[in-house]
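K.L.:
Letter by letter, the chains look like this.
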Amino acid sequence: MKTRFLLPAATAGILALSLTACGGGGGGGGTTGGGSDAGANLDSRGPITYVQGKDNSNVVRPLIEKWNAAHPDEKVTFKEQTDQADQQHDDLVQNFQAKNADYDVASVDVVWTAEFAAKGWLQPLKDNMAVDTKGMLEPTVEAGSYKGTLYAAPVSSDGGILYYRKDLVPEAPKTWDEMMGMCSIAKQNNIACYAGQFKQYEGLTVNASEAINSAGGSVLNSDGKPNLNTPEAEEGLNNLVEAFKNGNIPAEAITYQEEESRRAFQEGKLLFLRNWPYVYNLATTEGSSQVKDKLGMAALPGKSGPGASSLGGHSAAISVYSDHKATALDFVKFLVEEEQQKFFATQGSLAPVFGALYEDQELVAKLPYLPVLKTSIENAVPRPVTPFYPAVTQAIQENAYAALKGEKPAKDALSDMQKSIETAGAGS
Amino acid sequence: MTTATAGADLRARQDKGRQAAQNREKWAQVRTYISAAVILVWCLAPAYWMVVTAFREVGFTYDTTPWPTHVTMDNFITAFDTSFGNKFGQALLNSIFIGVTVTVISLVIGVFAAYALARLNFRFKYLVLGFILGASMFPGVALITPLFQLFTNIGWMGTYQALIIPNISFVLPLTVYTLTSFFREMPWELEESARVDGCTQGQAFRRVIMPLAAPAIFTTAILAFISSWNEFLIASQLSNEATKPVTVAIASFAGAQPNQIPYTAIMAAGTIVTIPLVILVLVFQRKIVAGLTAGAVK
Amino acid sequence: MATELGPTPVKQPASGGTDLHHAPKGVGEDNRILSQGKWASWLLAPTIIALGIVIVYPIISAIVMSFQKDAGLDPVTGLFTEGGPAGIQNYVNWLGQQCAAQGGGTVACPPGTLGGQFWTATGTTFLFTVVTVAFETVLGFWMAMIMARTFKGRGLVRAAVLVPWAIPTAVTAQLWLFMFDFNGIINKLFNVSILWTGSEWPAKWAVIIADTWKTTPFMALLILAGLQMIPAEVYEAAKVDGATAWQRFRLITLPLVKPALMVAILFRTLDALRMFDLPYILTGGANNTTTLSILVINQIRQGFNSAAALSTITFIIIFLVAFIFVRFLGANVVEQSGASGKGKK
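Chains as they are written, first to last, in my numbering: chain A, 2 to 429; chain B, 1483 to 1780; chain C, 1163 to 1507.
If you are wondering where the hints come from, they were derived from the structure by calculation, not from laboratory data. Wrong hints could be hidden among the right ones.
Here are the simulated DSSO-like cross-link-like pairs (lysine-lysine), alpha carbons at most 27 Å apart as the crow flies [stated by the list, open to error]:
1. 270/A x 1420/C
2. 1420/C x 1607/B
3. 1314/C x 1508/B
4. 188/A x 1350/C
5. 1420/C x 246/A
6. 1350/C x 406/A
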């Protein structure tokens, strides 16, 4: 019976060997750079598909309708992905790997650009395919580029904002130390002082990188190599570790994602909150909000001035497998036009990529956080731009989490981060 | 001692015994009800919270009052709202269609296979059993990419068959094993005697064995249907707007603002897909099982 | 090509003659087996084909890929290039928790790499499997015994038991995440301040509780179906013979339900060993709740060939568990276990 049970395994093994010849091993992740694909169909026009994650506030559909009305022969179809970033990423990977010509233009998260570009899936936006980036905020362009070439045109941006209780804090803190000094106010009022997002997930990479960058350190140096064994990086991470230790950051913040932290702030349990611009709308309008009229906003605190926010946002990229790249390019240019940018901002509360729009009276009236956000984005550092981003973020998350929980000193955590990131790039 | 007193004695003892038995019976009933109550609480408490949340206003999502407050129907309306491209109604129909097809096909071919495995003697039986079980051993997350490429190559992406066939394969091992184990326990002598009475083997199987196996087949059907109903990973990558099932539709629910998790709408959707399913199962359980069992008496 | 794989294992030397009615009786045992074999291969073909397309093809392509290196970065162009053949290096790396070192060779994987999590993830997966399957078996058996009794409201209980399982996992995981929130209903109801997703054991318990809640109905239903197939007369006879409740359970219920029970446990074990959604959504794999399947999907995002090797290793681990089950614990659906149903009258 023993042998009989094991037979299937043996059969499978033999079949596997015999199949190797058929080359059944698709999806091997590697590519040949897409050199030939990148040169094809550059002048071709026709219907295309635009792929993006869930269209939360109905911004994309009206824009596509507008485009289609003006371009009846080059209609854009909207392919909507789910609301989960991971699933959007995996969906794009699957389709690019399968060289799917139906994914002409894709909305790409800033942290995926380098990976997709290095896989040879994105059309370089240069020469005939160039997109004008004049007037765009520098960090957003940087985040859409890989090795000095633009691969994805910035469409929307995002940066961290410090929300504070203006009824309790007369003036927003400019530096981290100043903010920690104000924690006595929180104590007097019997609330917690500061929180960001510290659960082990992408948000922790955002918060840990901000801490490191704000203290003058950096995760990767300009060559894309890890650079974490520095006193600056240690000081940055230690700021968070210390705050956890002395209770300035409440213990439950180790379970916080964006929503949990927003909720604590809205319920009046927090003096300071680091979060994205979306909180403004909800905190000022939601029925359960306790801070409707007490909401102050400022740039993130740094070492001696504004801190370095991690950059969020999305860019539009053209697939090298697209059959109608001329149309795709026109559509990308259309998306980044000022008029569409305004629509993104007013309708979808998405931060524009043009600096000038942050001073636009009409927009500021509607989105009072724009001036603060501009400071935030101008000082923003893109999250590590590297084709090995999944490995890098894993290294940051796991080690920063251990440090915040007091399982290892910040210095050791950073040195482990350094080693992990080194192994990620060392393969092959 | 007279026989009369002895008889009375015996009767008294019997009465006592009967009473003790009755008490035991009553006590057993009480225990059953207590147990049933515990089961109800354990199974329904989290579902209760889902329903309560489903009826809460979005602004009070995180309220922890244990009973309904800030009640609204908005979340259900949001779930079915098609203006932002949510096709929840369509997705519901897709899920039902996929689920029913998967259940019927996998039951039919599962019954074939189980009959062969339980009733027939043939070489390689263990090989087949191992092969079938082996299909339940590979991490599902690693199946997506090869399937994606396979279906892309043959132009099946986004089609119903691309969603149905993988689901059949996922439920088949369980179906075959369950049915085989039940078929082994069947009183097959009845089949023999039916054949003596002039039934063909097929008739004997249908008229005699199937009704006896009804509870097992019905249970297997529920298990198959629900597991296809719950499938998300494969569907999220292989379906498109028109064919996506509810699980994928729910995952694309989004808050009004980026980063906002639409818990209330998700819970409303959960409520919508769960309650009809349970009612359906209840009705079917009565109808189908009763019907099949009635057939057996004829 | 994949479809051709399917029927091979059952292919019989001869073809034709599928009519069972004329199965030659008493012609000699060998012939009979042969003819039943033909009939069996027809009955089994659809199952084998379905499994062949969807499961065997991906498994084989994964095995092939697992012997390739992951794509590496060309330092000049900054583009990824094919990794080339790797031999068994991917497997060696996983089992030895070795990661690529700068300048070639390997080093022990530092914390923060996926490679360094293999054995912890294996341990976590087994812990989850053993604990959840044990809970689910005991709870499920108990629920099935209750539901098999006759009492008012039995239909209600049967419906209620289905509820946890009928809620799609995508919703269940969000629901439990919502309830296990620090300010959520569970902490409030029990008046505790546990950081459910923020420390190791609470996080593990959160996963175990949620999984047990969700899948106990699966066990309960299968066991109930088994119970329903035991003729009531068997119990009556035992009662007349004066067997106590415990004796009836041990000597009648347990042996008669054993085939169904074993199938239920076997499949729950295989599923639990591949557990993914619940811990992924609840904890994201933090606090040592990363299971092998979570590790696989994280690795897929970093390099597919290495992920294929990990999938194959997972497959082998599960195969061994299943083998032990079938071989030593009697989860065998075709061989009669000593005390089972037949001939018991």
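K.L.:
Looking at the structure, which of the earlier hints fail to hold?
P.N.:
1 and 5
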